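Fit chain C to the known structure of chain U by using the hints.
Residues per chain, in single letters:
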Amino acid sequence: MTYAIIGAGHLGMAIAHRFARSGIAVSIANSRGPDSISDLVKALGPTVSATSLLGALSAETVILAIPFAAHPTIALSRDHWEGTTVIDAMNFRETSLAPLDGRQSSDFVARSFPGAKLVKTFNQLPAALFGSEPAQDGGRRVMFVAGNHHEANAEVAALVESLGFSAVVLGSICEGGRLLRFRGPLVLQNLIKHDA
Amino acid sequence: MTYAIIGSGNVGAALAGHFARCGIPVAVANSRGPDAIAEVAKALGPSVTPLTLEDALLADVVILAVPFRAHTTVARALSNWSGKIVVDAMNTYGVSQEELKGQASTDVVASAFPGAKVVKTLNQLPAKLLAQDPAVNGGRRVMFVSSNDEAAETSVGKLVADLGFAPILLGKVSEGGRLIGMGGALILQNLIKHG
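So the sequence lines, in the order shown, correspond to chains U and C.
The letter at position 36 of the first sequence is residue 36 when you use the working numbering, and the numbering goes up by one with no holes.
The letter at position 115 of the second sequence is residue 1115 when you use the working numbering, and the numbering goes up by one with no holes.
Think of the hints as simulated: they come from the structure by calculation, not from any bench.
A hint or two may mislead.
Derived coverage of chain C by chain U (criterion: at least 3 residues anywhere in the stretch with Cβ under 8 Å from a Cβ of chain U; other residues may be distant) [said to hold, decoys possible]: (1) 1129–1139; (2) 1170–1177; (3) 1181–1189.
Please read all numbers here as calculations on a predicted model, not as lab measurements.
Think of the CB as a built atom: it goes at the ideal place given N, C-alpha and C, for glycine as much as any other residue.
Just chain U, with the same shape it has in the complex (with noise of 0.2 Å):
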């Protein structure tokens, strides 16, 4: 599995900073170019590189790291997302883009990528402490997971369960999926998961 993130912000870098941490390979790329963020990237160890748009959006798996009204560009940036998993690691705020009619953000990301499996995830902590380390007091910080494939959520659930967090998969977007909207009530909670 190839995976990639795109936005070099608070959580991109935090995202890389897991990643490195794991020993897991990961490219990741802004809209401002690779040279833009090669000192940043440099300091995470050889595991992260940084890399063009275009080449990271060719990996098997796509973070989206980005403000949720720079979606739409990424997602125009390919024909089709066939095959490709999408991670929707973004929060939605009333004021990014038209309204959702009430619709959850991620059905309105999924709709942007035609063919991708999209699962949310990685959109829940703050940046510092999504970046700081996951095993606490012999437990690890609980990463929520949702998506409408139940494949994909596992696969991502394994590697956020890499990245060393405790992954739950709360089912589809319409089922666990709304709890982790913007201000929904698993966002922003520091859970730490011990054995029961």
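Chain C only, in chain U's frame:
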């Protein structure tokens, strides 16, 4: 607000222990009568009072910690449940989907208690873990709460916090509530909330 726990098995006793620890008065009743609970209640201290089922049901908030099928017996003990909050702390081990007619178990409970505001919580941890001090490593053990009645959900969320847990309100039964139903993603999760 007055509270009663119906059932004095593992879950009922664990809950009574939390009320006692936090000094919140609570009545406890079971089907065998108050004498059967007297010793346990005495050991827990003055905030726990054994009562008959009939007297316990005078409480504003009635917590069901009985085997799932026994809830109908409790429901029949009162002709009018209007104005009461019923906390569904039951799980449905061994109850088939056919018996629930495909409904969420809390919806089945709600139809047995006409007029009551039903809140699902305190159901999601094994009794042994439920009984433990919820303050752990500087954080608090999470207790999810769900109800179709927002005010009742908030009120029970506050009780859960007063008992030392970190409540997370999941909203309606058809939304977050499913996740704390049998086999749900948020069942049997030992989560400690920090910050």
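Here is what the structure says about each hint:
Counting residues of the segment 1129–1139 of chain C whose C-beta sits closer than 8 Å to any C-beta of chain U gives 4, which meets the bar of three, so the coverage hint holds. Check on the segment 1170–1177 of chain C: 4 of its residues sit with their Cβ under 8 Å from a Cβ of chain U, so the three-residue criterion for coverage holds. Taking a C-beta to C-beta cut-off of 8 Å, the segment 1181–1189 of chain C contributes 4 residues in contact with chain U, enough for the three needed, and the coverage statement holds.
Violated hints are absent here; each numbered hint is respected by the structure.
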